[in-house]
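Engineer: Chain by chain, the residues run as shown.
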Amino acid sequence: MATGVAAWLPFARAAAIGWMPVANLPMPIAPTDKNKKADELIILNVSGRRFETWRNTLDRYPDTLLGSSEKEFFYNEETKEYFFDRDPDVFRAVLNFYRTGKLHYPRSECISAYDEELSFFGIIPEIIGDCCYEEYKDRRRENQERLMDDDEDKKDAKLPNMTFRETMWRAFENPHTSTMALVFYYVTGFFIAISVLTNVVETVPCGTIPNTKEVPCGERYTVAFFCMDTACVLIFTVEYLMRLFAAPSRYRFMRSVMSIIDVVAILPYYIGLVMTDNEDVSGAFVTLRVFRVFRIFKFSRHSQGLRILGYTLKSCASELGFLLFSLTMAIIIFATVMFYAEKGSTSSKFTSIPASFWYTIVTMTTLG
Amino acid sequence: MSSTHSLSCSSSTDSVEDELELSAVRHRPEGLDQLEALTRFNRKELQILYRGFKNECPSGVVNEDTFKDIYSQFFPQGDASKYAHFLFNAFDTDKDGSVSFEDFVMGLSILLRGSVQDKLNWAFNLYDINKDGYITKEEMLDIMKAIYDMMGKCTYPILREDAPRQHVELFFQKMDKNKDGVVTIDEFIDCCQNDENIMRSMQLFENVI
Numbered sequence: 001m002a003t004g005v006a007a008w009l010p011f012a013r014a015a016a017i018g019w020m021p022v023a024n025l026p027m028p029i030a031p032t033d034k035n036k037k038a039d040e041l042i043i044l045n046v047s048g049r050r051f052e053t054w055r056n057t058l059d060r061y062p063d064t065l066l067g068s069s070e071k072e073f074f075y076n077e078e079t080k081e082y083f084f085d086r087d088p089d090v091f092r093a094v095l096n097f098y099r100t101g102k103l104h105y106p107r108s109e110c111i112s113a114y115d116e117e118l119s120f121f122g123i124i125p126e127i128i129g130d131c132c133y134e135e136y137k138d139r140r141r142e143n144q145e146r147l148m149d150d151d152e153d154k155k156d157a158k159l160p161n162m163t164f165r166e167t168m169w170r171a172f173e174n175p176h177t178s179t180m181a182l183v184f185y186y187v188t189g190f191f192i193a194i195s196v197l198t199n200v201v202e203t204v205p206c207g208t209i210p211n212t213k214e215v216p217c218g219e220r221y222t223v224a225f226f227c228m229d230t231a232c233v234l235i236f237t238v239e240y241l242m243r244l245f246a247a248p249s250r251y252r253f254m255r256s257v258m259s260i261i262d263v264v265a266i267l268p269y270y271i272g273l274v275m276t277d278n279e280d281v282s283g284a285f286v287t288l289r290v291f292r293v294f295r296i297f298k299f300s301r302h303s304q305g306l307r308i309l310g311y312t313l314k315s316c317a318s319e320l321g322f323l324l325f326s327l328t329m330a331i332i333i334f335a336t337v338m339f340y341a342e343k344g345s346t347s348s349k350f351t352s353i354p355a356s357f358w359y360t361i362v363t364m365t366t367l368g
Numbered sequence: 001m002s003s004t005h006s007l008s009c010s011s012s013t014d015s016v017e018d019e020l021e022l023s024a025v026r027h028r029p030e031g032l033d034q035l036e037a038l039t040r041f042n043r044k045e046l047q048i049l050y051r052g053f054k055n056e057c058p059s060g061v062v063n064e065d066t067f068k069d070i071y072s073q074f075f076p077q078g079d080a081s082k083y084a085h086f087l088f089n090a091f092d093t094d095k096d097g098s099v100s101f102e103d104f105v106m107g108l109s110i111l112l113r114g115s116v117q118d119k120l121n122w123a124f125n126l127y128d129i130n131k132d133g134y135i136t137k138e139e140m141l142d143i144m145k146a147i148y149d150m151m152g153k154c155t156y157p158i159l160r161e162d163a164p165r166q167h168v169e170l171f172f173q174k175m176d177k178n179k180d181g182v183v184t185i186d187e188f189i190d191c192c193q194n195d196e197n198i199m200r201s202m203q204l205f206e207n208v209i
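If you read the sequences in order, they're chains A and B. All residue numbers for the first sequence refer to full-length UniProt numbering, where the first residue is 1 and numbers rise by one. All residue numbers for the second sequence refer to full-length UniProt numbering, where the first residue is 1 and numbers rise by one.
Honestly, the hints are just simulated from the structure, not real lab data. A hint or two may mislead.
Claimed, not checked - Calculated lysine-lysine pairs in the DSS-like style (CA-CA distance at most 27 Å, straight line):
id, chain 1, residue 1, chain 2, residue 2
1, B, Lys179, B, Lys131
2, B, Lys68, A, Lys102
3, B, Lys44, B, Lys54
4, B, Lys54, B, Lys68
5, B, Lys44, A, Lys80
6, B, Lys137, B, Lys174
7, A, Lys102, B, Lys54
8, B, Lys179, B, Lys145
Input sequences plus hints: build the corresponding full structure.
Structural biologist: The structure is reproduced here in structure tokens:
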């Protein structure tokens with residue numbers, strides 16, 4: 001029953017007049033409160049600040065410290081008051097809970113201090129009113145994340161008796177833990193850069209063989225580029241296998257985004273090795289080389305900023321998806337309209353609705 | 001009755017401000033002395049009653065919705081809103097749509113401290129919905145249905161659909177002496193005073209506060 005409503009009990013009992021004359025049997029006598037004393041004021045001395053309230057106010061919540069007989073432990077006989085050596089500012093919120101039935105979270109208080117006071121006075125935080133609940137939850141979450149971060153930092157100074165596998169995994173995840181890890185980190189970074197560079201340089205026109213047109217460097221120095229590519233892929237393969245070996249949960253590692261990027265980066269090379277002699281699929285093979293550009297995403301292990309970008313995209317994926325969807329809708333609508341509008345004229349380029357898609361996209365993105 | 005529908009403390013002539021203030025109707029009750037004279041409660045009891053009243057209704061008056069709300073908290077198992085509606089009309093003696101503290105405490109004074117005659121009078125007033133001095137079968141049926149709704153489905157034994165109607169028939173058989181289809185106040189009071197069960201139930205109201 002809500003706090004203040006208890007004071008309306010005499011009214012509820014009096015309203016029984018309504019069904020008394022129609023009842024077939026006499027009503028039972030209401031229970032009388034034999035020990036009903038007159039209500040008295042209690043003084044709560046919290047670190048020197050005195051709060052006074054009616055005893056009945058505190059009795060509203062009998063399963064808290066102030067509402068039960070637990071407060072007798074804090075009774076000071078000489079001064080006839082209850083003394084609590086706690087924070088008076090937070091106590092204000094606690095006492096207001098008894099008075100109004102709503103627990104508020106004072107924004108200026110530290111969240112852990114507030115939680116401690118609540119647990120001291122036996123009040124569960126879940127009853128915080130709607131007005132303050134969001135703020136409370138947010139602050140609590142922030143605090144816990146900060147605690148977890150602190151824990152992680154402390155974890156670095158860890159136990160000496162980790163298995164070889166665990167040491168390796170830790171070296172992969174936190175390069176600054178040992179020199180070997182740092183060396184490995186820089187070497188792989190260097191080779192990613194080299195690999196991306198070779199992919200780019202391969203296509204640069206590189207002087208002419210006499211009597212023929214310009215050729216890209218890739219075709220002129222085929223062997224050199226092939227060796228570079230092999231070296232890089234070897235390094236990447238070794239790295240991937242080592243990570244796979246060291247991972248605490250191989251299945252989870254194989255499903256993670258970074259490992260998929262690794263696989264996609266090195267797979268074209270192996271497929272190319274297998275397929276070089278077959279004329280028909282060599283076209284497809286050339287297309288596969290495009291995937292080598294994904295090696296550049298391997299840099300995200302080396303760059304926190306890139307990872308953050310990835311998380312950002314992931315977290316607003318639904319909004320981006322909606323944007324794409326609404327654009328698609330608009331494209332379809334306008335393409336249809338253009339197609340039917342130009343249907344009559346013979347020299348129209350809008351031969352079908354998909355053919356008008358291109359025009360619509362180019363116009364909507366203001367490319368022209 | 002000094003009902004100060006005060007617009008604001010300072011004399012403001014701004015019409016927008018007036019509109020805003022009107023929504024916060026404040027009502028200050030008569031002084032303790034007058035209330036003591038009007039009712040049969042002593043000062044302390046009035047103080048306790050007012051504190052509870054003001055806590056739940058800071059503006060000083062109860063409107064019907066708050067009334068229903070408070071009442072349904074005491075009877076969660078059924079739908080107490082209809083009965084609360086009739087109760088509200090019975091408490092609201094000046095028919096202004098809200099129950100002030102004076103109305104409230106005067107009603108309580110009659111119910112808890114009044115003579116048997118006064119109580120029965122009040123009950124008759126409650127049953128007589130249109131306040132014409134007669135209780136008809138329709139009025140009684142409404143009241144009966146409201147009471148049954150309030151008791152909810154958790155009665156033992158389970159009540160049947162036509163239980164209210166039967167109950168009304170029983171009531172009229174008992175109360176309507178001259179069988180003219182309505183119960184007047186004299187018939188009502190007469191009959192109740194001769195009924196032992198009802199008289200015994202009146203004892204219920206001792207020691208409520």
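Engineer: Next, verify each hint and record whether it holds.
Structural biologist: Hints versus structure:
| no. | hint | result |
| --- | --- | --- |
| 1 | Lys179(B) with Lys131(B) | holds (20 Å) |
| 2 | Lys68(B) with Lys102(A) | holds (21 Å) |
| 3 | Lys44(B) with Lys54(B) | holds (15 Å) |
| 4 | Lys54(B) with Lys68(B) | holds (17 Å) |
| 5 | Lys44(B) with Lys80(A) | holds (24 Å) |
| 6 | Lys137(B) with Lys174(B) | holds (13 Å) |
| 7 | Lys102(A) with Lys54(B) | holds (17 Å) |
| 8 | Lys179(B) with Lys145(B) | holds (23 Å) |
Going down the numbered hints, you'll see the structure goes against none, and every one checks out.
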